Amino acid sequence: MTEETKAPAPSGDRPSRPFGERSGGDRPRFGGGGGGGRSGPGGPPREGGRKFFRRKKVCKFCTEKIADINYKDYRLLGQFVAESGKIVPRRLTGVCSPHQHRLASAIKQARNIALLPFAGRAS
Amino acid sequence: MNRTYELMFIVRPDMADEDLEKLISNLEATVTSAAGSIKSVDRMGKRRLAYMVRKFREGVYILMTIEGAGTVIHELERRLRVTEPVIKFLTVRIDEEQKRLEKIKKLRDAKKKVSAQPAAPAEEAAPPAEETPATA
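Chains as they are written, first to last, in our numbering: chain A, 1 to 123; chain B, 124 to 259.
Derived by calculation from the structure, the hints in this document are not laboratory data.
Hints are not guaranteed to be accurate.
With a Cα cut of at most 30 Å, we get these calculated BS3-like pairs of lysine-lysine [to be verified]:
(1) A/Lys60 <-> B/Lys222
(2) A/Lys60 <-> A/Lys86
(3) A/Lys72 <-> B/Lys169
Computed from a predicted model, the values in this text were never measured in an experiment.
Whole structure, please, built from the sequences with the hints as guidance.
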């Protein structure tokens with residue numbers, strides 16, 4: 001979708017280039033408007049550039065409709081704890097803000113009662 | 124002011140069963156004497172601890188649901204602190220959370236009914252036959 005919308009824009013503008021300015025000033029404008037900031041200046045290279053796309057992360061608790069996040073459910077909580085015992089930030093897991101809030105407090109309660117480790121693997 | 128609490132505590136793994144029963148009945152007596160009530164006692168069994176607690180690597184988990192005022196918990200926690208075989212405990216108030224969950228459940232049930240209703244009036248001739256596929 002973005003490739004298609006991006007392609008006509010430079011081609012439609014090219015005939016008008018001789019009349020207008022050819023300075024680099026209007027190129028960032030297209031980059032910002034059409035393709036977002038991800039592709040650099042220059043037409044052809046960005047066609048063969050980054051092909052992979054990032055999957056949209058979704059909140060596990062919203063999609064699976066897990067209503068209660070309980071400290072006793074250490075198996076569920078363990079999915080959101082890193083190998084080192086840290087709580088994984090939601091920019092990595094995709095958990096939404098209200099659920100991350102509950103998750104964090106549940107993990108802290110579970111740590112308190114020795115269901116989850118404070119640091120390191122459960123020994 | 125009646126509230127519902129959940130008390131989880133860990134006793135040392137080398138404790139005899141009869142001692143554990145005695146401890147639990149003692150706690151129950153403490154709660155009832157402080158005008159509270161015990162709703163359930165769940166012996167979750169021996170489990171490996173996530174970290175060392177008082178030089179123990181495993182412990183016996185026990186979960187209690189208690190109803191009563193905050194003073195009950197205050198007294199109970201004081202007792203647990205001086206009870207030697209109890210190595211760790213955690214009290215959590217759960218009535219607010221239960222209320223929230225019930226609300227969510229009610230909301231979801233209402234939504235389910237709304238989505239099921241449009242199908243039902245269309246074929247009023249055979250509602251019981253129509254109901255079974257909807258729930259399945």
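Against the structure, the hints come out as follows:
The straight-line distance between the Cα atoms of A/Lys60 and B/Lys222 is roughly 22 Å, inside the 30 Å bound, and the hint therefore holds. Proximity of A/Lys60 to A/Lys86 is assessed by CA-CA distance (about 19 Å); at most 30 Å being required, the pair is judged to hold. A hinted pair counts as satisfied when its Cα atoms are at most 30 Å apart, and A/Lys72 with B/Lys169 qualifies at roughly 15 Å.
Checked against the numbered hints given earlier, this structure breaks none of them.
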